[in-house]
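S.K.: Protein chains in written order, with my numbering: chain A, 1 to 263; chain B, 1001 to 1333.
Simulated from the structure, these hints should not be mistaken for laboratory data. Be careful, since some hints might not be right.
What the hints assert, rightly or not - List time: in silico BS3-like cross-link candidates among lysine-lysine, alpha-carbon distance up to 25 Å:
| hint | chain 1 | residue 1 | chain 2 | residue 2 |
| --- | --- | --- | --- | --- |
| 1 | B | Lys1290 | A | Lys259 |
| 2 | B | Lys1280 | A | Lys259 |
| 3 | A | Lys259 | B | Lys1203 |
| 4 | B | Lys1248 | B | Lys1203 |
| 5 | B | Lys1262 | A | Lys257 |
| 6 | B | Lys1280 | B | Lys1293 |
| 7 | A | Lys104 | A | Lys219 |
| 8 | B | Lys1290 | A | Lys236 |
| 9 | B | Lys1028 | A | Lys236 |
| 10 | B | Lys1248 | A | Lys156 |
| 11 | B | Lys1262 | A | Lys259 |
| 12 | B | Lys1280 | A | Lys236 |
| 13 | B | Lys1262 | B | Lys1280 |
| 14 | A | Lys156 | B | Lys1244 |
| 15 | A | Lys257 | B | Lys1129 |
| 16 | A | Lys236 | B | Lys1262 |
| 17 | B | Lys1290 | B | Lys1262 |
| 18 | B | Lys1293 | A | Lys251 |
| 19 | A | Lys251 | A | Lys236 |
| 20 | B | Lys1280 | B | Lys1203 |
| 21 | B | Lys1248 | A | Lys236 |
| 22 | B | Lys1244 | B | Lys1203 |
| 23 | A | Lys251 | B | Lys1290 |
| 24 | B | Lys1244 | B | Lys1290 |
| 25 | B | Lys1262 | A | Lys251 |
| 26 | A | Lys219 | B | Lys1129 |
| 27 | A | Lys257 | B | Lys1280 |
| 28 | B | Lys1203 | B | Lys1262 |
| 29 | B | Lys1011 | B | Lys1203 |
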Amino acid sequence: MEILVCVKRVPDAAENEIELNAEGTDIERGELVYSVNEADNYAVEEALQITGRVGGSVTVVTVGEEEDEDVLRRQMAMGAAHGALICDDAFRGSDGRGIAAILKAFVETAHYDLILTGVQADDGCAQVGGMLAAMLDYPFASLVTSIEVMDQRTLKIAREIEGGSREIHAIDLPCVLSVQTGINEPRYVGMRGIRQAASLPVSRLGAPELALALSYSGKINARVVRTDYFVPPAGKGAELLRGSREEIAGKLVELLKVKGGLN
Amino acid sequence: MARIFTYIVHKSGIADDTAAELAAAARKIDAAEQPTAIVCGWGAELDQVCASLCTTYREVWKIALEPLAYPDAEAVRGVLASMVAEGSILLVPHGHFGVDLSPGLAVRLGAAYVPDVIDIEGVEGRWLKAVRQEFGGLVATHVRCDLQSGAVLNIRPGAFRAVDGAPAGGRVVERAAPAGPARARRRYLETIAAETGDVDITKERVLISIGRGIGEQENIAIAEGLAEAMGAKVSCSRPVVDAKWMDKSRQVGSSGKTVRPKVYLACGISGSFQHLAGIKGNPFLVAINKNPKAPIFRAADIGVVDDLLEFLPALAERVREERAVAGGERRRP
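Only chain A is shown next, with the shape it has when bound in the complex (with noise of 0.2 Å):
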């Protein structure tokens, strides 16, 4: 089977602390770390379990930056066979379907069985790959969970919906999936690994190549657009507890009593 999956490389919200920029047009990036989107590394495992249980191989791609191809060698170094850069000036400044445009483009240029996003990225968005699969006239189910080859054509998909409950489908290859985190345990990647993917050959494509996208992919062609970055108002506001970490544990311990927290 051969799979793509498609990647994102994000500030680590675990390892940043994210804030806005003195102008608020964007989070403050200067000293951010970045790594693969938490939900697509997940994808990328996922495409190498079936992989290694059906055959076939895995190809990693990504619309961004130059630096965007450290985020695919990781991937490679997980096992991904071949990975792709889709990075142009043209293609700067796309919204949801301009990238989803621009991967339909890159999907047409090769066979593909089946096609793994991440459920959704930092901006929350969850949108491309339905927006691919629409593209392509595919099927497509998001939020799955976990992913069983029934044949050559079909698979049998779990989607992840409320209370913990799971829906349970059928699909038909060629179709593209949108994997929930959690669906596997992402394997460790060595720094031996990652010593061994960064000679291997990653493609680079761009505008002359992926033509077709041009029509919707770029700043002028994106209809929906940030404006600015802002902090959310406070709402109601938690009355934070001061002191030494005793004196909080006391007060807290107080309200607690008052609150029935204490059983």
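Take the given structure of chain A and dock chain B to it, following the hints.
M.R.: Quick look at chain B alone, frame taken from chain A:
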């Protein structure tokens, strides 16, 4: 102004709370336009939902198709793509169904798409101004959306307050929908209900809930120590389950359990809307987090900015002292 539709999520003949919230969101786009509710389904349950919506909506489109008896987003997308006129604005709840349905639907309709909208600040010319959040709620953004070719807006459940008002006195309009393909490429098979697990956190009065900030699986013992001292149980947020450190049955949130405790201690939990959606009944909410900007502090009653690995043992110690004193007092004649 474009026609505005809302998509109604319903279950067992009852419309979801978002039905009224979407009507409120529609008013913020255009107070003069009466939105039309679209309800897909089959049988008596569908009739029941449609009838109930006439108090909120002036017009309710009833789309009855047997394959829609279970709301499969792939099937619903096909129906809506053929029935919603180009240039319309469609509002959909941003839940597991809306996430499945809407991105592809926007493409099919040639419309713009804005996911997880938490507020709408109005329309200027062809541009709608919406509010979203990024990084799990750490920052908010304004987003401009071009309405010229229509738009699909996914609205966060609970973000818009339903508007009380006179009953709309609406009517149900039956709309014939084209039957889908004979063999759909995605076929719903069954739903597997969530398991309860060893502890039923939905029944607990006091929960010590841990998140990514717990750091390592070994540290869960620290939370369990506090829980034991307090007579509470340990629950968690999604990253702890993703890491396989706790069972799915302990997860609080929209994709986990909905809990109704009296007291909830959120320890190292950032406070995503999916997590907060699982906490009902307005408990006394204490947030313990080393990041003072964590969104959980916006929802909590009491906040403690500290390293939970240091603070929880200190708190457990203080609770034990308190118990010892209280026990001593009881033993006194």
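S.K.: Below or equal to 25 Å on CA atoms is what counts here, so check lysine 1280 of chain B against lysine 236 of chain A.
M.R.: It holds: about 17 Å lies between the C-alpha atoms, which stays within 25 Å.
S.K.: Lysine 1290 of chain B and lysine 236 of chain A were given as a pair; does the straight-line alpha-carbon distance stay at or below 25 Å?
M.R.: 20 Å, holds
S.K.: Are lysine 1244 of chain B and lysine 1203 of chain B close enough, with their CA atoms no more than 25 Å apart?
M.R.: It holds: about 23 Å lies between the C-alpha atoms, which stays within 25 Å.
S.K.: Starting from lysine 251 of chain A, check that the Cα of lysine 236 of chain A is at most 25 Å away, please.
M.R.: Cα-Cα ~21 Å, so holds.
S.K.: Compare the distance between the alpha carbons of lysine 1280 of chain B and lysine 1293 of chain B with 25 Å, and conclude whether the hinted pair is satisfied.
M.R.: The given pair, whose Cα atoms are some 23 Å apart, holds under the 25 Å limit.
S.K.: Would the hint linking lysine 259 of chain A and lysine 1203 of chain B be met if the CA-CA limit is 25 Å?
M.R.: 17 Å, holds
S.K.: Given the proposed pairing of lysine 257 of chain A with lysine 1280 of chain B, does the C-alpha separation stay at or below 25 Å?
M.R.: Holds, at about 21 Å.
S.K.: Is the Cα-Cα distance between lysine 236 of chain A and lysine 1262 of chain B 25 Å or less?
M.R.: Holds, at about 19 Å.
S.K.: Compare the distance between the alpha carbons of lysine 1011 of chain B and lysine 1203 of chain B with 25 Å, and conclude whether the hinted pair is satisfied.
M.R.: 24 Å, holds
S.K.: Does lysine 236 of chain A lie within 25 Å of lysine 1248 of chain B when you go C-alpha to C-alpha?
M.R.: 31 Å, violated
S.K.: Measure nothing beyond the straight line between the CA atoms of lysine 1293 of chain B and lysine 251 of chain A; if it is 25 Å or shorter, mark the hint as holding.
M.R.: Given that 25 Å is the threshold and the Cα spacing comes to 22 Å, the pair holds.
S.K.: What's the verdict on lysine 257 of chain A and lysine 1129 of chain B, does the C-alpha distance respect the 25 Å limit or exceed it?
M.R.: Violated: lysine 257 of chain A and lysine 1129 of chain B sit about 46 Å apart, past 25 Å.
Hint check: violations occur at hints 15, 21; the rest are consistent with the structure.
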